[in-house]
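K.L.:
As numbered in the numbering used here, the sequence shown has no gaps in its residue numbers, which increase by one up to the final residue, 552.
Take the hints with a grain of salt, since some may be wrong.
[Unchecked claim] No more than 25 angstroms apart at the CA atoms, straight line, and that leaves these computed lysine-lysine pairs for BS3-like:
(1) 487 to 139
(2) 494 to 543
(3) 194 to 152
(4) 265 to 192
(5) 437 to 152
(6) 379 to 155
(7) 487 to 437
(8) 155 to 265
[Said to hold, decoys possible] Restraint-style ranges between C-beta atoms, simulated for each label pair:
(9) 551 to 492: 38 to 44 angstroms
(10) 187 to 135: 21 to 27 angstroms
(11) 488 to 77: 53 to 59 angstroms
(12) 110 to 485: 28 to 34 angstroms
(13) 158 to 209: 33 to 39 angstroms
(14) 315 to 512: 37 to 43 angstroms
(15) 499 to 156: 37 to 43 angstroms
(16) 109 to 482: 22 to 28 angstroms
(17) 511 to 155: 33 to 39 angstroms
(18) 431 to 345: 41 to 47 angstroms
(19) 77 to 493: 47 to 53 angstroms
(20) 432 to 492: 46 to 52 angstroms
(21) 83 to 156: 49 to 55 angstroms
(22) 155 to 293: 36 to 42 angstroms
For the record, the hints were derived by calculation from the structure and aren't laboratory data.
Each residue gets a CB set at the ideal place from its N, CA and C atoms; glycine is no exception.
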Amino acid sequence: MSRKEQVKKIKNRKKFRLQDKSINRKYVYGPQYCTKKDLQKIGFPGCYPYTRGIYPTMYCQRLWSFRQYAGFGSSQDTNNRFHYLLSEGQTALSVAFDLPTQLGMDSDHSLAEGEVGKVGVAIDTLADMEKVFKSIPLDQVSTSMTINAPAAILLCMYVAVAEKQGVDSAKLKGTVQNDILKEYIARGTYIFPPIPSIRLFTNILQFCEAHLPHYHPISISGYHMRESGATAAQEIAYTFANAKEYLNAGLHDGLEVDQFAPRMSFFFSAHSHVFEEIAKFRAARRIWASIMKNEYKAKNPNSMKLRFHTQTAGSTLSSKEPLNNITRVTLQALTAILGGTQSLHTNGWDEAYTLPNKESAQQALRIQQILAKETGVTETVDPLGGSYYVEALTDQLEEQIYQHLNEIDQIGGAIKATETGFFKHKIQQQAYQDYQKQVSMKQDHEYQAHPVHFELEQGADPQVQKASLLRIKQQRSTDEVRTTLAQLEQVACQPQINLMPYILRAVKAYCTIGEICDVLRKQFGEYKERL
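Go ahead and model the full structure; you've got the sequences and the hints to work with.
P.N.:
Put into structure tokens, the structure is as follows:
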């Protein structure tokens, strides 16, 4: 068969089904889809615009961090799980907090009933944080904390624990999520309105600049927007729109962009469409490099490098035939690795039911270890770079991301888009459209026949946690608690003052997270969602 006949045969085939019809895919890709201009955009690993990775050698020299998200029940339960994961080969920690902690409530609060230790560890005072990290050398491990509205309090607790261990805060490594804007958009664990929340962000930024030079003061998250229904292009665009607000806030407070931008990090989702996700990560690196160089006039190459953590997509997991989730998670993890992630969490196969138990947590970690050591994907940098298909997808996604960013700029930026409900409307609209497509195509996990036995992890016993909290209150210095909270209240109404030293004093006095947040609620008010 001649080449002309082959092309004609391909064109006459029935159109194949696409997961995302907004991306125009061809049957065959060749040199015509990779022009000289495209080759210039691809570049080399470790070189601007970083399409092929932010380091010249990537995983050939150093693997990504195996950072499994963990935390449940009591502080002792979580400490046991951390020690277990580290003994099994995990290379970094990632802390999950329960909902009362995320919302700045103590375990004995009436609204905390039924939620203590359920989706993360319960933290009421510094005593709980001390137990979480007992016998874990904080100068030797990197710790990520998924906490937002009360991020300043939990970071102060972490610093105080390190101090008790005799560890200089300058040696601490890790990340505090501290991305409040996405909470208004997609996740919902907000406390204070946007303006005072941004103040807390900049306070943390300045504190890290002065005392924690190796700690990332923010992880700007697209993951939760993607889980809520955003497309790949929307995930990146909305995340970068939020990032620009944080950059503007830092600049407004007098910092130079190259002072703090190198320590801004990101958090993305890895879904199952392998090539689209790889292209998404490559396009994101290129766009971020351009934003920093051209819009913010950054001079330091590290300001232009997109550093990101990835988590496999929880929304894709099925509660029917859940062992199939192992395959989904493995493929999603592979997309993150081929896309050039800096750290990775792989979901447990049982997470459509519950928090991972010990065995499924181990199995999820094994996915990363097998991919790193048994597949050969770490033997060369950006193995899919130059693929006609991948480069074409990267270009298309880049164009779509810029379209979304331009739309947000026209509204007036991410805060305006949040206040007007733009983000929520767009994500909900997309989620509805995708759900309708799944229903009409009957694609919603076709393999759902057989149940599998599993064991649920038990949350903290709320009575034990309450008793522990009461014991701390009885043992601490009442005068010191009263004094530190009064000092915090006095400075909270003065926007020019950094609150971190005052929060740190309150934390060291064993003030509870609820007591500290109540002082801030009194001064800042509480955010009410626009209906």
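K.L.:
Broken hints, numbered, in rising order?
P.N.:
Going through the list in order, the structure violates hints 4, 5, 7, 8, 10, 15, 21 and respects the others.
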